[in-house]
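Trainee: Quick note, the sequences are listed as chains Z and C, same order. Read in the numbering used here, the first sequence has 317 at position 317, and its numbers run on one by one without any break. Read in the numbering used here, the second sequence has 165 at position 165, and its numbers run on one by one without any break.
Please note that a few of the clues may not be correct.
As the list claims (entries may be wrong) - Below, in silico cross-link-like pairs of lysine-lysine (DSBU-like), each with a Cα-Cα straight-line distance of 30 Å or less:
| # | chain 1 | residue 1 | chain 2 | residue 2 |
| --- | --- | --- | --- | --- |
| 1 | Z | 320 | Z | 779 |
| 2 | Z | 201 | Z | 461 |
| 3 | Z | 673 | Z | 583 |
| 4 | Z | 320 | Z | 417 |
| 5 | Z | 406 | Z | 421 |
| 6 | Z | 493 | Z | 583 |
| 7 | C | 42 | Z | 71 |
| 8 | Z | 779 | C | 189 |
| 9 | Z | 42 | Z | 21 |
| 10 | Z | 800 | C | 187 |
| 11 | Z | 468 | C | 187 |
| 12 | Z | 347 | Z | 148 |
| 13 | Z | 42 | C | 42 |
| 14 | Z | 34 | C | 42 |
| 15 | Z | 463 | C | 187 |
| 16 | Z | 201 | Z | 406 |
| 17 | Z | 42 | Z | 201 |
| 18 | C | 189 | Z | 463 |
| 19 | C | 90 | C | 61 |
| 20 | Z | 225 | Z | 71 |
| 21 | Z | 225 | Z | 201 |
| 22 | Z | 406 | Z | 800 |
| 23 | C | 90 | Z | 779 |
| 24 | Z | 201 | Z | 468 |
| 25 | Z | 60 | C | 42 |
| 26 | C | 42 | Z | 800 |
| 27 | Z | 417 | Z | 406 |
| 28 | Z | 673 | C | 61 |
I should point out that these hints are in silico values taken from the structure, not numbers from a laboratory.
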Amino acid sequence: MNDMTPTREQREAALEGMGCKRKRVEDIRFTQGKGQYVDDLKLPGMVFGDFVRSPYAHAKITRIDASEALKLPGVIAVLTAEDLKGVNLAWMPTLAGDVQMVLADGKVLYQNQEVAFVVAENRYIADDAIQLVEVEYEELPVLTDPFKSMDADAPVLRPDLDGKMEGAHGPRKHHNHIFTWEVGDREETDKAFSEADVTIKELISYHRTHPSPLETCQCVASMDKIKGELTVWGTFQAPHVIRTVASLLSTIPEQKIHVIAPDIGGGFGNKVGAYPGYICAIVASIVTGVPVKWVEDRMENLSTTSFARDYHMTAEIAAKNDGTVTGLKVHVLADHGGFDACADPSKWPAGFFNIVTGSYDFPAAHLEVDGVYTNKAPGGVAYRCSFRVTEAAYCIERAMDILAQKLDMDPADLRMKNFVKAEQFPYHSALGWEYDSGDYHTAMQKAMDTIGYRELRAEQKAKQEAFKRGETREIMGIGVSFFTEIVGAGPSKNCDILGVAMFDSAEIRVHPTGSVISRMGTKSQGQGHETTWAQIIATEIGIPAADIMVEEGNTDTAPYGLGTYGSRSTPVAGAAIALASRKIRNKAQMIAAHMLEVSEYDLEWDVDGFQVKGNPQARKSMKEIAWAAYHAPPPGMEPGLEAVSYYDPPNMTYPFGAYLCVMDIDVDTGVAKTRRFYALDDCGTRINPMIIEGQVHGGLTEAFAIAMGQEIRYDEMGNVLGASFMDFFLPTAVETPHWETDFTVTPSPHHPIGAKGVGESPNVGGVPAFSNAVNDAFKFLGSTHIQMPHDAWRIWQAAKELGAHG
Amino acid sequence: MIPGAFTYHRPSSVAEAVAILVSHGDEARPLSGGHSLIPMMKLRMAAPEHLVDLGGIADLKGITDDGDTITIRAMTTQHELIASDLLAQKLPIIRETSLLIADPQIRYVGTLGGNVANGDPGNDMPALMQCLDAAYVLTGPEGDREVPARDFYEAAYFTTLAPDEILTAVRIPVPPAGHGYAYEKLKRKVGDYATAAAAVVLTLDGGTVSFCSIALTNVADTPLYAQEAGEILTGSTLDAETVARAVAAAEEITEPASDGRGPAEYRTKMAGVMLQRALARAATRAAS
Numbered sequence: 001m002n003d004m005t006p007t008r009e010q011r012e013a014a015l016e017g018m019g020c021k022r023k024r025v026e027d028i029r030f031t032q033g034k035g036q037y038v039d040d041l042k043l044p045g046m047v048f049g050d051f052v053r054s055p056y057a058h059a060k061i062t063r064i065d066a067s068e069a070l071k072l073p074g075v076i077a078v079l080t081a082e083d084l085k086g087v088n089l090a091w092m093p094t095l096a097g098d099v100q101m102v103l104a105d106g107k108v109l110y111q112n113q114e115v116a117f118v119v120a121e122n123r124y125i126a127d128d129a130i131q132l133v134e135v136e137y138e139e140l141p142v143l144t145d146p147f148k149s150m151d152a153d154a155p156v157l158r159p160d161l162d163g164k165m166e167g168a169h170g171p172r173k174h175h176n177h178i179f180t181w182e183v184g185d186r187e188e189t190d191k192a193f194s195e196a197d198v199t200i201k202e203l204i205s206y207h208r209t210h211p212s213p214l215e216t217c218q219c220v221a222s223m224d225k226i227k228g229e230l231t232v233w234g235t236f237q238a239p240h241v242i243r244t245v246a247s248l249l250s251t252i253p254e255q256k257i258h259v260i261a262p263d264i265g266g267g268f269g270n271k272v273g274a275y276p277g278y279i280c281a282i283v284a285s286i287v288t289g290v291p292v293k294w295v296e297d298r299m300e301n302l303s304t305t306s307f308a309r310d311y312h313m314t315a316e317i318a319a320k321n322d323g324t325v326t327g328l329k330v331h332v333l334a335d336h337g338g339f340d341a342c343a344d345p346s347k348w349p350a351g352f353f354n355i356v357t358g359s360y361d362f363p364a365a366h367l368e369v370d371g372v373y374t375n376k377a378p379g380g381v382a383y384r385c386s387f388r389v390t391e392a393a394y395c396i397e398r399a400m401d402i403l404a405q406k407l408d409m410d411p412a413d414l415r416m417k418n419f420v421k422a423e424q425f426p427y428h429s430a431l432g433w434e435y436d437s438g439d440y441h442t443a444m445q446k447a448m449d450t451i452g453y454r455e456l457r458a459e460q461k462a463k464q465e466a467f468k469r470g471e472t473r474e475i476m477g478i479g480v481s482f483f484t485e486i487v488g489a490g491p492s493k494n495c496d497i498l499g500v501a502m503f504d505s506a507e508i509r510v511h512p513t514g515s516v517i518s519r520m521g522t523k524s525q526g527q528g529h530e531t532t533w534a535q536i537i538a539t540e541i542g543i544p545a546a547d548i549m550v551e552e553g554n555t556d557t558a559p560y561g562l563g564t565y566g567s568r569s570t571p572v573a574g575a576a577i578a579l580a581s582r583k584i585r586n587k588a589q590m591i592a593a594h595m596l597e598v599s600e601y602d603l604e605w606d607v608d609g610f611q612v613k614g615n616p617q618a619r620k621s622m623k624e625i626a627w628a629a630y631h632a633p634p635p636g637m638e639p640g641l642e643a644v645s646y647y648d649p650p651n652m653t654y655p656f657g658a659y660l661c662v663m664d665i666d667v668d669t670g671v672a673k674t675r676r677f678y679a680l681d682d683c684g685t686r687i688n689p690m691i692i693e694g695q696v697h698g699g700l701t702e703a704f705a706i707a708m709g710q711e712i713r714y715d716e717m718g719n720v721l722g723a724s725f726m727d728f729f730l731p732t733a734v735e736t737p738h739w740e741t742d743f744t745v746t747p748s749p750h751h752p753i754g755a756k757g758v759g760e761s762p763n764v765g766g767v768p769a770f771s772n773a774v775n776d777a778f779k780f781l782g783s784t785h786i787q788m789p790h791d792a793w794r795i796w797q798a799a800k801e802l803g804a805h806g
Numbered sequence: 001m002i003p004g005a006f007t008y009h010r011p012s013s014v015a016e017a018v019a020i021l022v023s024h025g026d027e028a029r030p031l032s033g034g035h036s037l038i039p040m041m042k043l044r045m046a047a048p049e050h051l052v053d054l055g056g057i058a059d060l061k062g063i064t065d066d067g068d069t070i071t072i073r074a075m076t077t078q079h080e081l082i083a084s085d086l087l088a089q090k091l092p093i094i095r096e097t098s099l100l101i102a103d104p105q106i107r108y109v110g111t112l113g114g115n116v117a118n119g120d121p122g123n124d125m126p127a128l129m130q131c132l133d134a135a136y137v138l139t140g141p142e143g144d145r146e147v148p149a150r151d152f153y154e155a156a157y158f159t160t161l162a163p164d165e166i167l168t169a170v171r172i173p174v175p176p177a178g179h180g181y182a183y184e185k186l187k188r189k190v191g192d193y194a195t196a197a198a199a200v201v202l203t204l205d206g207g208t209v210s211f212c213s214i215a216l217t218n219v220a221d222t223p224l225y226a227q228e229a230g231e232i233l234t235g236s237t238l239d240a241e242t243v244a245r246a247v248a249a250a251e252e253i254t255e256p257a258s259d260g261r262g263p264a265e266y267r268t269k270m271a272g273v274m275l276q277r278a279l280a281r282a283a284t285r286a287a288s
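With the hints as extra help, turn the sequences into a complete structure.
Mentor: Here it is as structure tokens:
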């Protein structure tokens with residue numbers, strides 16, 4: 001070997017494959033303002049649509065008069081529910097088995113509901129015209145409190161469901177009831193409670209919030225009447241599903257619908273569902289024959305498209321005196337707003353909330369969820385979490401702290417005592433899941449050692465004494481959170497969306513010169529797929545990531561996939577990418593054998609090519625093999641080098657993590673300062689550590705926002721309060737704590753590369769860490785549970801009620 | 001979030017601007033930094049048919065030292081207030097307060113005149129101007145008149161400014177050298193209005209308060225000059241008991257709204273906490 005021959009390490013480094021902190025290739029355009037988003041799209045003749053919205057939360061509509069608006073020069077059309085009825089689109093199905101009004105059909109169910117769609121030459125004229133559409137409302141009694149939804153005298157919100165006592169998920173027991181979802185063994189659980197030494201019970205509410213991506217929801221619909229083809233560019237986390245839904249609703253054949261998701265400025269679950277804006281833009285383009293653009297403004301986004309949470313969870317734990325947990329009982333009252341438009345896999349009305357046993361070995365558990373209607377916006381999406389998992393993690397992590405308090409045990413010790421042990425995996429939970437892998441004790445111990453947990457507890461105790469002596473007005477909280485996520489929806493045996501199994505896909509094509517174009521059924525909204533997908537392929541087929549182009553979002557070119565949300569991309573599409581790569585490698589092996597005139601069994605893979613076993617000098621690089629695949633394939637073999645894989649995962653993946661938060665609270669103002677936040681994540685095999693760290697930073701920032709004040713509030717009239725960034729807490733760099741990140745690696749045993757997914761873990765684990773820190777701080781004053789969000793005034797109020805203001 | 005149609009004017013002199021206001025009456029609004037007016041127009045809560053941009057009037061810029069007073073022309077930006085050596089030396093509380101307004105991008109555009117003239121109780125400068133006993137110069141068709149900041153505000157967005165007048169300058173008496181000062185502001189995040197804020201200027205004479213002026217931000221529908229609280233403290237040594245009485249007197253005059261920043265009770269109490277902290281900090285800065 002001469003000096004010019006790259007070493008094995010150099011060849012490996014040149015690939016920038018898995019494990020490499022490769023810089024994000026998409027950032028070259030994003031950091032220069034050169035991303036191409038929906039609103040950057042300008043088509044010849046394009047017009048704009050905008051909504052007339054209801055000022056009332058619950059009202060009958062007695063008259064809509066658009067005649068003055070239509071007189072305004074530049075106004076092209078005003079659509080109402082009556083117009084949509086002509087094409088059978090006044091209502092649309094939701095992903096959760098309910099139906100939803102596209103435009104108000106006789107009544108409105110929440111403030112800012114879409115009432116009419118104004119189409120005009122530009123968005124300025126459209127907004128002027130909105131002011132001229134006259135709508136007469138007759139106000140109805142408003143219901144905003146889910147705890148009153150099923151009162152005997154509660155107003156009927158959904159006359160369209162009158163008399164329908166069977167819903168999409170079983171029997172309904174009240175006119176405002178949507179479903180009851182029951183999991184687990186009630187009898188066994190009751191028995192555990194009757195035999196328990198200690199029990200706790202607490203109502204733990206997770207307030208209503210919103211994913212609030214910086215780019216709001218938007219689309220451009222363009223109907224080519226000559227070809228009968230519809231093209232829709234939109235902010236879609238799941239473009240293929242949108243195409244299927246559009247085809248089913250419009251009866252336009254699926255091959256004549258082109259759905260394109262260009263660059264997306266954040267999704268976080270907000271861009272999974274189908275919204276009235278999409279339907280109206282499509283109908284308007286069909287009616288007018290020109291492209292129609294619809295773009296939400298910030299207030300519309302926060303107040304109408306896809307809230308998250310609004311889960312009211314009553315948790316009960318049964319335990320022995322030594323802290324061993326013996327039973328878990330949870331009842332959830334789920335506020336879905338005016339329509340059940342949750343974006344969950346179709347058979348799961350409460351998502352995967354039955355992960356609520358968390359990281360603990362509960363021998364018995366029972367869960368019941370009741371979904372109800374209120375006069376609030378529909379949604380219930382998974383805001384940076386796998387379906388309802390963040391609610392479940394919050395519920396169990398708060399409840400474990402409450403149990404620790406009752407037992408006078410340290411919350412970390414109680415968790416250690418009850419963790420599912422490493423040797424118990426695969427672990428079957430009492431509520432029906434099979435956890436794939438984990439090593440919880442190691443992760444927790446590493447977290448505690450790194451942060452100096454025992455010393456912090458000693459400091460806290462000293463501070464509490466000083467507070468009692470009147471020497472300080474500051475108290476200290478240590479938030480412990482240990483979460484188990486369930487991501488990668490999902491196996492076709494239990495996961496589908498409107499009947500389409502939740503597989504995902506990859507198509508990889510190696511060009512003659514050894515470069516690659518690859519396309520997936522997923523769609524990045526900031527996750528960095530263009531970078532990480534190329535890294536998986538690079539490692540699997542030995543072609544440098546820099547030579548691999550990744551393309552997503554165009555339904556004409558990408559293989560069918562269910563999209564990106566619920567941390568499913570790596571567990572599902574990531575597996576498809578690895579398997580498609582391996583198909584290519586298998587074919588490459590046969591070509592290399594032909595080239596080297598040996599049997600393929602005499603070859604071994606080595607970083608970026610095949611070599612003859614025992615004779616590494618005899619080798620063919622993937623670049624050479626690619627050329628041969630097009631130039632001189634072995635006799636009888638089809639030319640070319642490409643593969644497609646559709647991956648139906650055998651199981652979900654179960655990332656986990658240990659998060660610790662140290663907080664100092666000024667009891668006189670209620671201002672809480674995060675002193676330290678330590679996040680240890682185990683997401684299995686790590687594809688790009690830098691991107692993982694970025695994901696964790698982002699998710700923790702969202703968790704911080706949610707726990708400490710990010711809320712969509714309503715008054716009793718159903719007015720949505722604070723639907724702007726003035727009041728809706730989106731922290732800036734100034735407010736955001738410093739994040740300390742760490743990891744352990746426990747690969748998934750069933751995933752081709754052992755990866756589990758990470759995007760949502762920090763949101764799931766972060767919220768309980770912050771909330772437990774606040775609650776932990778006030779424990780010594782006799783507090784058991786303080787509801788989120790923990791904004792300054794609520795902390796101050798809690799302090800006052802606990803007598804901390806003297 | 002799109003304003004209705006309006007005619008845009010960009011006069012080059014105050015007289016020209018006033019003439020436009022006179023000819024259009026209530027339908028015209030002067031525009032300075034625009035941080036309050038433009039969002040209101042986007043929400044269609046304000047719909048002026050004529051917008052008179054004061055940004056082209058050179059006479060409305062600048063800070064001048066008049067000896068006992070300092071004059072700040074209305075279109076001086078918050079960034080320029082922060083950057084002024086004169087203010088840093090003579091009126092450092094203006095710099096301290098300006099740094100707590102929104103963020104740098106907003107401060108490059110936001111003006112002192114716009115901040116005090118708009119009548120938004122959330123703005124920080126009005127209370128500060130009351131604390132400093134500033135006077136506003138209002139220029140109308142009949143010429144100039146001066147109104148003390150303490151008499152200017154009537155209710156939220158209602159002031160003594162007539163529709164055909166422009167607030168052209170703020171005159172601030174220079175407090176004695178060695179005065180103590182502090183502006184304490186509690187807010188939820190960068191860019192937010194105050195949950196409550198307190199401005200304090202005081203002088204100490206051998207450990208005894210010889211002068212004390214206090215004003216409060218965003219705890220009523222106008223800024224509040226807390227005259228009684230200042231009087232209680234004057235002559236005291238800022239002992240805990242007297243401070244508590246002054247704080248109670250200040251809390252007494254608040255009438256905050258309940259909103260996302262918290263219920264009225266909390267905001268009143270925060271006005272008290274901010275005042276207490278501002279007093280403590282001002283005292284450490286005062287020469288004795």
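Trainee: Confirm or reject each hint.
Mentor: Going through the hints against the structure:
{"no.": "1", "hint": "320(Z) to 779(Z)", "in the structure": "holds (22 Å)"}
{"no.": "2", "hint": "201(Z) to 461(Z)", "in the structure": "holds (26 Å)"}
{"no.": "3", "hint": "673(Z) to 583(Z)", "in the structure": "violated (52 Å)"}
{"no.": "4", "hint": "320(Z) to 417(Z)", "in the structure": "holds (12 Å)"}
{"no.": "5", "hint": "406(Z) to 421(Z)", "in the structure": "holds (24 Å)"}
{"no.": "6", "hint": "493(Z) to 583(Z)", "in the structure": "holds (25 Å)"}
{"no.": "7", "hint": "42(C) to 71(Z)", "in the structure": "holds (23 Å)"}
{"no.": "8", "hint": "779(Z) to 189(C)", "in the structure": "holds (27 Å)"}
{"no.": "9", "hint": "42(Z) to 21(Z)", "in the structure": "violated (37 Å)"}
{"no.": "10", "hint": "800(Z) to 187(C)", "in the structure": "holds (20 Å)"}
{"no.": "11", "hint": "468(Z) to 187(C)", "in the structure": "holds (28 Å)"}
{"no.": "12", "hint": "347(Z) to 148(Z)", "in the structure": "holds (27 Å)"}
{"no.": "13", "hint": "42(Z) to 42(C)", "in the structure": "holds (23 Å)"}
{"no.": "14", "hint": "34(Z) to 42(C)", "in the structure": "holds (27 Å)"}
{"no.": "15", "hint": "463(Z) to 187(C)", "in the structure": "holds (26 Å)"}
{"no.": "16", "hint": "201(Z) to 406(Z)", "in the structure": "holds (11 Å)"}
{"no.": "17", "hint": "42(Z) to 201(Z)", "in the structure": "violated (57 Å)"}
{"no.": "18", "hint": "189(C) to 463(Z)", "in the structure": "holds (27 Å)"}
{"no.": "19", "hint": "90(C) to 61(C)", "in the structure": "holds (19 Å)"}
{"no.": "20", "hint": "225(Z) to 71(Z)", "in the structure": "holds (27 Å)"}
{"no.": "21", "hint": "225(Z) to 201(Z)", "in the structure": "violated (61 Å)"}
{"no.": "22", "hint": "406(Z) to 800(Z)", "in the structure": "holds (23 Å)"}
{"no.": "23", "hint": "90(C) to 779(Z)", "in the structure": "violated (48 Å)"}
{"no.": "24", "hint": "201(Z) to 468(Z)", "in the structure": "holds (29 Å)"}
{"no.": "25", "hint": "60(Z) to 42(C)", "in the structure": "holds (28 Å)"}
{"no.": "26", "hint": "42(C) to 800(Z)", "in the structure": "violated (40 Å)"}
{"no.": "27", "hint": "417(Z) to 406(Z)", "in the structure": "holds (15 Å)"}
{"no.": "28", "hint": "673(Z) to 61(C)", "in the structure": "violated (40 Å)"}
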